[in-house]
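Residue numbers (the numbering used here), protein chains in the order written: chain W, 1 to 322; chain G, 1 to 314; chain B, 1 to 277.
Some clues are possibly wrong.
Quick list of simulated restraints, FRET-style, between CB atoms [claimed, not checked]:
no., chain 1, residue 1, chain 2, residue 2, range
1, W, 290, G, 40, 55 to 63 Å
2, G, 39, W, 302, 37 to 45 Å
3, B, 28, W, 279, 51 to 59 Å
4, G, 276, W, 77, 30 to 38 Å
5, G, 302, W, 24, 27 to 35 Å
6, G, 291, W, 179, 53 to 61 Å
7, B, 197, W, 120, 36 to 44 Å
8, G, 122, W, 14, 54 to 62 Å
9, W, 194, G, 82, 54 to 62 Å
10, B, 13, W, 117, 49 to 57 Å
11, W, 267, G, 83, 36 to 44 Å
12, G, 82, B, 270, 52 to 60 Å
It is worth saying that the hints were derived from the structure and are not from the lab.
Each residue gets a CB set at the ideal place from its N, CA and C atoms; glycine is no exception.
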Amino acid sequence: MSPVLEVRDLRVRFGSMAAVRGIDLAIERGQTHCLVGESGCGKSVSALAVMRLLPRGAKREAGAIRFAGEDIARLPERAMRRLRGDRMAMIFQEPMTSLNPAYTIGSQMTEVLRAHRGMGRAAAVERAEAMLTRVGVSAPGMRLGQYPHQLSGGLRQRVMIATALLCEPDLLVADEPTTALDVTVQVGILKLLADLKRDLGLAMLLITHDLGVVARIADVVSVMYAGEIVEHAPVGQLFAEPLHPYTRGLLRAIPVPGKVRRGEKLATIPGIVPRTEVGFRGCAFRDRCEFATQECAEPVAERVEGAHHWRCRLASGWLEAA
Amino acid sequence: MSAAIEANGVSAVFNQRAGTFGVRRRVVAVDDVSLTVPEGMALGIVGESGCGKSTFARLLLGLLAPSGGDVRVGGQVLQAMDRQARARLIQPVFQDPASSLNPRRRVGEIVALPLRAAGVARSERRERALSMLSRVGLTPEMATRYPGQLSGGQRQRVAIARALVLEPRILICDEPTSALDVSVQAQILNLLAELRASFNLTLVMISHNLAVVEHVADEIAIMYLGRVVERGAAESVFAAPHHPYTKALLASVLTPEPGLGLPDLPLGEAVPDPANIPAGCRFHPRCPVAIPRCATEAPARGDVECHLVQSVPT
Amino acid sequence: MRTVRRLPLVLGMVVVGFAVLVAIFGPALVAHDAFTQNLAHRFVPPEWLAGGSPAHPFGTDQLGRDYLARLVLGVRISLMIGLTAVVLSGLIGTTLGVLGGYFGGWVDAVVMFIVSCRLAIPIILVALTVVFLVGSSLTVVMLTIGLLLWERFAVVSRSATRQVASRDYVAAAWCAGCSRRWIVLGEILPNIVHHLIVVATVDMAIAILLAAALSFLGLGVPPPMPDLGLMIAEAKDYMFFKPWVIEIPGLALFALVLGINLLGDGLRDLLGGESGG
């Protein structure tokens, strides 16, 4: 089966700063692909590039973006607009970025259906209500008449998800959808996303910085660092045997109740993320890596072992050797 | 061990008005909370947004006068002390270092500010500020930079240096790592642990992140809608939570363990609103095990405030 | 791209800078005196019109005074009025606004009440009364405008102060034991000053126009002092026969006010971007 979304060698730059430095992604139907990394690693920019929503000043340089077999990298903006909100949809950390505070929930949701599906008013309202019910919003009829500011954070997030899914898209891009929410609400939203993915056969690209979320919801994980995917593997493999020193450092830096003894020092990654100019060579992690050698200043080839890809000079089994 | 800081029946009530002609709302952010932190201990306060934990932090810092009860530091009522004396005893570290550092001042001036307020001479200020910067892992060159030129982790180090430059006894940390990346969070947590030991600090750590609190705190208080619903030694609360809310909160911690999937949280959808606190047990609309009594009768005061938990062995 | 966005700022700086130079050095450089009448040489047209003479590049007015000398002095007086009015109103408005914004509660209520009262006062009528009572002079004009034009400063500094006062660094300074005075002057003021600079330019343009309007009505700078407004007023009787006598001060006033406004716009974009709005 061909993937719903396939990205090849995507590059984005802001002026002389290379924000995304050639990433590959492939997401199949019914798969949740998590793009994980720390702030500034280029994960959100990658998502926006896929949706062709890059801000002014950002320039996509190379790369193919194939959506359902069609290259959309050079699609005219009009056609792109027809695609967005219809067959590919995006949700954000802050629902108010996509909900308009001046319109009721109902008018925003029905507008989507009328624009993309040409539905009549009554049918659109009915569909919107059904969708709100599906995402677990109680009293959907009443919610349709309310304005976004009248809803709680969790409810707003559900409304945004419902709006994104109205046209039954094939691809859902979710950028930190639960970061602003309380932990108990987060679990509910993640469960909803997982259910919807399964029931609607969505391909989901989930951007997050939270490895806990990744572990519980992802099928496949790509770890980004300084604009590159440094490691890519099925979720179980990645957490059981991280092969890139950065991934390993990241996993060890999280306090896990019951795992790290209280009062014991947490592992840290020294230093800071480098600024990668266009034309940066070699491994971007080398300045912070305890295993770095002179070799790391040269371009690093990707290693592949089964479904596990990583971009490091170290072969698998290096941990035991070290 | 004597109490470093204690809250005696502290409340914070606000009268909010939505717009000029809006309806008056009486918001009870903190409702009659009593807590004691012994000298040298670390208390973790955990709760979700709107539970009153940040208001409680402001009460402990004296930034807010309590509507009822009092906060005592070393036995003295905080509000009755003059601010210079308070500053020597208790200092804050806030969540977002981008907002807690004055963008128009250099790092050196920011760290030296408490000394300046205390009337320390210029040369001594400089010396102490620089030595504090090195204690938190920053180089002396950083002193001439502006906060905007630093990374998030470096800024939080600056905020910690400012808090410790007067060598206070108590540090109130309000979500000190929530705005930081994971790897930086670990650095800051390690730094806090190290400084706590060397300065013999009493720590109050407020967070929504249970894992962070678990790593740092000796004792834990769980807040819900303005009240502490469960408190106890960190180990026992994590190992054997009693209150249904604590259980739900613990269950919702997503540890990085694939294969566990997403936990089932049988919590109701009701949104906690401090302007409209439910009668009876304030948690009952969301509680999976509520009985009729919970809707009418507030549970007895204690370490665990729940009708279904009779007595907790301490 | 960037230069296009900076264009208003550059243009404003050029115009205002030129006007300031003219105001400072102009009167000393112009050969003629602005007050010397020469009734034999009335309405000499400017140099570029037929009958003009290089002796009077901008011509002469109805009393034969050199128009360039009067214009240059007029720019100086208009700028002086603008500057004094802005300094005065800035002090009053910022003090009120910062107090209201920082202390809130009843202090804020009082400040807002004073602002409302001020807004209910028509400046022209007050000026009329003042001139009637004490007579008109440059000082009276500057004081009247300065004492009446502070409401924008008050409103802007109040809301900016409220915003800044809720930042954690103000809370941290409070916890550090800093005095209220320090918090206001050392923590809040430096972080709202960029808003105030923008207000200052807007108010300066308004003050200059207001002074011109007062002069035009005969309530402002008393003749023979040349203020741009007064020059326009004196020229209005002759405008159909000698249009340049009104065109020259009119254009100068227009350019000056436009320049100040462009400068303000440019500064707002420049400073606003830095602090994120």
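These are the hints, each one checked on the structure:
no.	hint	verdict
1	W/290 to G/40: 55 to 63 Å	34 Å, violated
2	G/39 to W/302: 37 to 45 Å	55 Å, violated
3	B/28 to W/279: 51 to 59 Å	58 Å, holds
4	G/276 to W/77: 30 to 38 Å	47 Å, violated
5	G/302 to W/24: 27 to 35 Å	57 Å, violated
6	G/291 to W/179: 53 to 61 Å	36 Å, violated
7	B/197 to W/120: 36 to 44 Å	55 Å, violated
8	G/122 to W/14: 54 to 62 Å	42 Å, violated
9	W/194 to G/82: 54 to 62 Å	56 Å, holds
10	B/13 to W/117: 49 to 57 Å	54 Å, holds
11	W/267 to G/83: 36 to 44 Å	40 Å, holds
12	G/82 to B/270: 52 to 60 Å	42 Å, violated
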